[in-house]
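The whole structure should be built from the sequences, with the hints applied where relevant.
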Amino acid sequence: MRSAVKIKSFPNGIALYLDAELPFEKVLEEVGYKFSNAKNFFGSATMALSIEGRRVTDLEEMQILDSIRENSDLNIACIVGRDETVNKNYLKALAQEEEQPPQEAGGQFFKGDLKNREVLETENSIIILGDVHPGSTVISAKNIIILGALRGKAYAGGDGSGDAFVAAFEMEPERIRIGDFKYISDTKQSKWGIRPKVRPKIAYVKNDRIIFEALTKDLLSTF
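Numbers -4 to 218, taken from this note's numbering, label the letters of the sequence shown in order.
If you're looking for bench data, these hints aren't it; they were derived computationally from the structure. Hints may be right or wrong, so weigh each one.
Subject to a maximum C-alpha distance of 25 Å in a straight line, what follows is the list of computed DMTMM-like cross-link-like pairs (lysine to aspartate or glutamate) [to be verified]:
#	residue 1	residue 2
1	K1	D53
2	K29	D68
3	K106	D126
4	K137	E169
5	K106	E47
6	K1	E47
Please read all numbers here as calculations on a predicted model, not as lab measurements.
Right under this line is the structure:
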């Protein structure tokens, strides 16, 4: 059964390949076994996760995340899909009530919403477990990942790097700045209060301008 689960790494994350034929309970058992054996290898790194090889329900997905957390010290920050044809192209925070994960790896977690024109500023990359509301601002010297909605302002690459990025589950920013490059939304709120359908996206600099693309594992691998 030891071929039921394969773990492969990609930049900033790991891909979990699951056998499509075995009962899920057997696959889940193997997930725990593999991550327990690799506990020392992975350490307490913060990574994105891609689940491939079989379709899993939301409940099964959470069981996989729980198994990884119970059998390793990894911090799974988000789940990404291969492309938009796979119904896994989204970010999801781990449902956890414990203390925030350790920050020795150079990243930082913030749990909660930014609202009422609040400003959050850090010299590290940051993962926000919540929403950034209109008028509020998150500023990072490095990268910004929002496991929720970005409807306010996000300034990444404050250390002068144009290689930084901003990713969000719902990307509807008022303003984004990455290094020396700026984006200001010209989208007006519908008077009926109807929001367009949003998708997880990543914003980064390409050809001297900020562009937005659907967040996928392959795209995340380029950073």
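The hints, checked one at a time:
Pair hint K1 plus D53 holds up; C-alpha atoms about 20 Å apart against a cutoff of 25 Å. Annotation: proposed proximity of K29 to D68 holds, straight-line Cα distance about 13 Å (limit 25 Å). A hinted pair counts as satisfied when its Cα atoms are at most 25 Å apart, and K106 with D126 qualifies at roughly 9 Å. Our distance criterion of 25 Å between C-alpha atoms is met by K137 and E169, whose separation comes to about 19 Å.
Proposed proximity of K106 and E47 is contradicted: the alpha carbons are some 28 Å apart, above 25 Å. With a C-alpha separation of about 10 Å, the suggested pairing of K1 with E47 holds against the 25 Å cut-off.
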